[in-house]
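> Spelled out, the chains give:
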Amino acid sequence: MELSGLAGYAIFFFTVAGIYAVLALGLNVQWGYTGQINIGVAAFFAVGAYTSAILTTAPSPGHVGGFELPFVAGLIGAMICAGILAFFVGLVTLKLRGDYLAIASIGIAEIVRLFLKNEEWLTNGVRGIPAIPKPLSGLVVGGDPLLFLCVILFFVVLTYLVLERLFCSPWVRVLRAIRANEDAVLAAGKHVLWFRVEAFVFGSMIMGLGGALYAHFTMFISPEAFDPMFGTFLVWVMLIAGGSGNNKGALLGAVIIWGVWSGTEIFTSQLPDALVTRASALRIFLIGLLLEVILILRPQGLLPERPPKLSGSE
Amino acid sequence: MEVLQLIIYGIVLGSVITLGAIGVSLIFGILRFAHFAHGDMMTVGAYLALVGVGVLQWPMPVVFPLALAGTALVGIGIDRVIYRPLRKASPIIMLISSVGTALMLRSLVQIVWGPDNKIYEAGIDIPYRIWGLRIKPDQITIVLGAFALVVLLHLFLHRTRMGKAMRATSDNIDLAKVSGINTERVVLWTWIIAAAMAAAGGIFLGIDTRLNPIMGWRILLPVFTASILGGIGSIYGAIFGGLLIGVVQELSTLFISPAYKPAVAFGIMVIMLVVRPRGLLGGRQ
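Top line first, the protein sequences correspond to chains B and W. Residue numbers for the first sequence follow the working numbering, so the first one is 1 and each next one is one higher. Residue numbers for the second sequence follow the working numbering, so the first one is 1 and each next one is one higher.
Next comes chain B alone, as it looks inside the complex (with noise of 0.2 Å):
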């Protein structure tokens, strides 16, 4: 390979990859912070990616919109939408234990799914929506992948920083008190419900954010874009393999487990074409072999939580 397509192709893996972390990192306020098992993040990236599609382009006969708003409002509307879906499904489910959640989950993705196909007036349906634009497009010649890149890395640091400031907070202190024991911050006058819904709302608020981000980046989606549980499925790994509660693990969770997905994916794509889809079977299934080893040799992940110090402890 030429150094031209190895440049192109790292600044290709590294856009995708900060497109997951950002998706790991909601998850960690979700499942790292709280202890709640969201296993329809594909549901809020989906909303994500179409609000931020219907808002950003150029109007079209086929559906409703698109509204030609700039690019930062796209993302402002999809963080909105995914936040609104998730504060409904949250005030039905987080009073009860968690596996309602979980199951509850995979109904909103099913249903998401369902809608974006079957809604040919909001999503053009099956036909999905092209020319979706990226932002700082064209300052550059040739150099729109290297600036998008940095876009997506400026707001995967950007949701890094607010994480990471907010893991000292008082509120992230009472959600981990939650996952530790509800029944003790009950006891200590926390509105344990409120605190639940506030930081599932906010992790799937970064996720319909991730998926704005997908939508400018590959400017065309459409339904079968997602793989509702697989892609899940991949943020999932990423995030216990990386260290769940700790934000870094989330990144460099994200990196590797994408690393592996697409490394695996040149091996296979030597192999003929009769041999491809089971090759693609095979790769999920090794990914799920490596989540259970890892949640039986090394629960914690790579780098494990750390509890803030407390302030006045030196």
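In short, the hints are calculated from the structure, not lab data. Just so it is clear, CB atoms sit at the ideal spot from N, CA and C, and this is done for glycine as well. Mixed in with the good hints there might be a few duds.
[Unchecked claim] Once the Cα atoms are required to be at most 30 Å apart in a straight line, the calculated DSBU-like pairs of lysine-lysine come out as:
1. W:Lys88 to W:Lys164
2. B:Lys95 to W:Lys88
3. B:Lys117 to W:Lys118
4. W:Lys136 to W:Lys118
[What the hints assert, rightly or not] Here are the in silico distance ranges between beta carbons for each label pair:
5. B:Gly8 to W:Met60: 21 to 29 Å
6. W:Trp58 to B:Ala180: 49 to 57 Å
7. B:Trp121 to W:Gly267: 55 to 63 Å
With the hints as your guide, set chain W onto chain B.
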């Protein structure tokens, strides 16, 4: 008349869902976690039967118990290798691990049999016509088969020592341990029964429609809904919930676009979670 016809389809679908929901409820009662790989266990059962019917050319009545036994072995194996080391961790970790298991089972089926649709036997199953209703012989087999399995399970739970031990463990695991029940043996039997029931459900689903690596994952949501509806952890609730979900899902096509049929189960679940999370027949919260 159309309503009656849909109810018949609903009972057939409901029989399949029931067989899955019984296993989910049993596992939840004893091991305290929602088993996300249960749908894919149904897929494994269906494909094991395909080996007997398609490759070995044995008749289905011979293959059926063998496929159930084979899936039970798969269930025991998964428990030994994957879930047992996690049992001391929290049930939540087992739930996440079962999502991984689900994907592993599904991709394994895809590696071995490929992604295309398969059927047990070619040919048209000519429906009987009774008072203008169409009922296929296969559908009668499915409903009677599911009914027979449920009766067997009932007898097992009430007439055998192990069945009683299982019910006791499900009620109160600490009390069961103190009274000398070997809970590891109870867990073993839980997997045997849950996996065999799942296999039966998967085979029936394959007979009624087609085999596909994703068939079990697609039916997982109605299966969970059925067990929640009946009160998760309660086996009789699962039977009731399964039939209800099957019938409601079929009847819903009268009112809403059939494209949303898979979402109906979810809608029922949400209403249930808001109104009565313990399930219609009681059970655990």
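> Against each hint, give a clear statement of whether it holds in the structure.
Taking the hints in turn, this is what the structure says about them:
The suggested pairing of Lys88 (chain W) with Lys164 (chain W) holds, with an alpha-carbon distance near 25 Å, which does not exceed 30 Å. A hinted pair counts as satisfied when its Cα atoms are at most 30 Å apart, and Lys95 (chain B) with Lys88 (chain W) qualifies at roughly 25 Å. The suggested pairing of Lys117 (chain B) with Lys118 (chain W) holds, with an alpha-carbon distance near 25 Å, which does not exceed 30 Å. Between Lys136 (chain W) and Lys118 (chain W) the CA atoms are separated by roughly 19 Å; this keeps the pair inside 30 Å, and the hint holds.
Roughly 55 Å separates the CB atoms of Gly8 (chain B) and Met60 (chain W), a value that falls outside the hinted 21 to 29 Å. Separation of Trp58 (chain W) from Ala180 (chain B) is about 55 Å and conforms to the stated range, judged on CB atoms against 49 to 57 Å. Between Trp121 (chain B) and Gly267 (chain W) the Cβ separation comes to about 21 Å, which falls outside the hinted range of 55 to 63 Å.
Hint compliance for this structure: hints 5 and 7 are not met, and every other hint is.
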